[in-house]
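Protein chains: 2
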Amino acid sequence: MEEIRLIEIKEEIHADNTEKANLLRTQLSKSKTFLLNLMSSPGAGKTTTILKTIETMQGKIRTGVIEADIDSMVDAEKIAAIGIEAVQLRTGGFCHLDAFMVEKGLEGLNLDNLDLVIIENVGNLVCPAEFDTGAIKNVMILSVPEGDDKPLKYPLMFTVCDVLLINKIDYLSLSDFNVDAAIARAKNLNPDIEIFTISSRTGEGIEKWTEWLVKEVNYFIHQQ
Amino acid sequence: MEEIRLIEIKEEIHADNTEKANLLRTQLSKSKTFLLNLMSSPGAGKTTTILKTIETMQGKIRTGVIEADIDSMVDAEKIAAIGIEAVQLRTGGFCHLDAFMVEKGLEGLNLDNLDLVIIENVGNLVCPAEFDTGAIKNVMILSVPEGDDKPLKYPLMFTVCDVLLINKIDYLSLSDFNVDAAIARAKNLNPDIEIFTISSRTGEGIEKWTEWLVKEVNYFIHQQ
Numbered sequence: 002m003e004e005i006r007l008i009e010i011k012e013e014i015h016a017d018n019t020e021k022a023n024l025l026r027t028q029l030s031k032s033k034t035f036l037l038n039l040m041s042s043p044g045a046g047k048t049t050t051i052l053k054t055i056e057t058m059q060g061k062i063r064t065g066v067i068e069a070d071i072d073s074m075v076d077a078e079k080i081a082a083i084g085i086e087a088v089q090l091r092t093g094g095f096c097h098l099d100a101f102m103v104e105k106g107l108e109g110l111n112l113d114n115l116d117l118v119i120i121e122n123v124g125n126l127v128c129p130a131e132f133d134t135g136a137i138k139n140v141m142i143l144s145v146p147e148g149d150d151k152p153l154k155y156p157l158m159f160t161v162c163d164v165l166l167i168n169k170i171d172y173l174s175l176s177d178f179n180v181d182a183a184i185a186r187a188k189n190l191n192p193d194i195e196i197f198t199i200s201s202r203t204g205e206g207i208e209k210w211t212e213w214l215v216k217e218v219n220y221f222i223h224q225q
Numbered sequence: 002m003e004e005i006r007l008i009e010i011k012e013e014i015h016a017d018n019t020e021k022a023n024l025l026r027t028q029l030s031k032s033k034t035f036l037l038n039l040m041s042s043p044g045a046g047k048t049t050t051i052l053k054t055i056e057t058m059q060g061k062i063r064t065g066v067i068e069a070d071i072d073s074m075v076d077a078e079k080i081a082a083i084g085i086e087a088v089q090l091r092t093g094g095f096c097h098l099d100a101f102m103v104e105k106g107l108e109g110l111n112l113d114n115l116d117l118v119i120i121e122n123v124g125n126l127v128c129p130a131e132f133d134t135g136a137i138k139n140v141m142i143l144s145v146p147e148g149d150d151k152p153l154k155y156p157l158m159f160t161v162c163d164v165l166l167i168n169k170i171d172y173l174s175l176s177d178f179n180v181d182a183a184i185a186r187a188k189n190l191n192p193d194i195e196i197f198t199i200s201s202r203t204g205e206g207i208e209k210w211t212e213w214l215v216k217e218v219n220y221f222i223h224q225q
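Residue numbers (my numbering), protein chains in the order written: chain A, 2 to 225; chain B, 2 to 225.
Treat the hints as calculated values from the structure; they're not laboratory data. No residue lacks a Cβ here, since even glycine has one placed at the ideal position from N, Cα and C. The reader is advised that the hints may include incorrect statements.
Partial chain B-side listing against chain A, Cβ under 8 angstroms, derived [unchecked claim]:
1. Ile71
2. Glu131
3. Leu175
4. Pro192
5. Asp193
Covered by chain A, according to a simulated footprint, are these stretches of chain B (three or more residues, beta-carbon under 8 angstroms) [said to hold, decoys possible]:
6. 20-26
7. 32-44
8. 117-130
9. 147-153
With the rest of the complex left out, here is chain A (with noise of 0.2 angstroms):
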């Protein structure tokens, strides 16, 4: 088990968020490291998505994982038990992670071994799709228990991600989840978004998912 670093996070205001992400994501391109911001309500299955998604990649992305938790590193203790580098961010009450709480979270990992870093951001899918945490893509997930009404009721969370992730796709034949609908929602939000259907506790669908991120982070490590 990877020993994880935990950084305690207080809460300050930064009028200037953007600045800070834009920042950030030149000194990711110098150090060639594409940084994923993976949000979702609490319990979609952001953790065991990471697991899933890093296991597949396995050989051909090496990667990181920060963790934002409020009150516990249960999360990070996961990521670590596999052997994965994790920086856990201890946010006290905070809802949602900014530019500036990432910053220190990749100061806790050595970029020179990594080519991807993901943070998982605060489950919430209010106030973390208000704040650019200097990520180059930003994917989201919802689960198909939560309902497929959801791009209707979260809309700004729909509109700022890069990638919508379907998950827990196996509860189907217990919900009256609406696969076509719910894309249907995300796509009037969000044209460009790209959706996948998933199951991380199966693997269902995790290797098209995969087989696309590792498309886009070589190309951003080739590009710089």
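Please build the complex by placing chain B on the supplied structure of chain A, with the hints as guidance.
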């Protein structure tokens, strides 16, 4: 279908939210209206639970609903469709309700005809826990697909609530959710929390939860 009153909420920061919440509680004592604040993650089943709860209490408790939604009216439409008085608060990007917003919602209802008003808060396990809405009781839903580790990760919500409804127990067969572990974790944070396991879809467990609620509402009304 009842007509839905739509109230737009503008962002204002109030230093005296707790004071306003206490004032609301005094007014609610006078009007003999029990105010219940219902919170959860997006998609945990707040609207379905409200519908099932109202249906089960029909003829016993006269109920109205304040719906909070960032950008849609889908929930209020479902409530109004069964002939229940509903106010829709459209919160813009706001991630929670405070007592000032709830006051506006209460002004849109005819309290003389209501024993109980249920607030459906914004779907969010973080921010709503920090704001006193003036409610007599705070109730949260944790749904089975979200996972039994949520008390570890969103402790404040479990600490401020009087009742925990563990919803979607019809998903237990597909899930590794451990009900005993979830209950132990919630009780560890909040030994006095009342816990009911329910499925608002199948109706399982709703009877016990509404028995508790009817008793609380009647006690409150007759105490005043």
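To see whether the hints hold, each was checked on the structure:
no.	hint	in the structure
1	Ile71	holds, 6 angstroms
2	Glu131	holds, 7 angstroms
3	Leu175	holds, 6 angstroms
4	Pro192	violated, 18 angstroms
5	Asp193	violated, 20 angstroms
6	20-26	violated (count 0)
7	32-44	holds (count 3)
8	117-130	holds (count 6)
9	147-153	holds (count 5)
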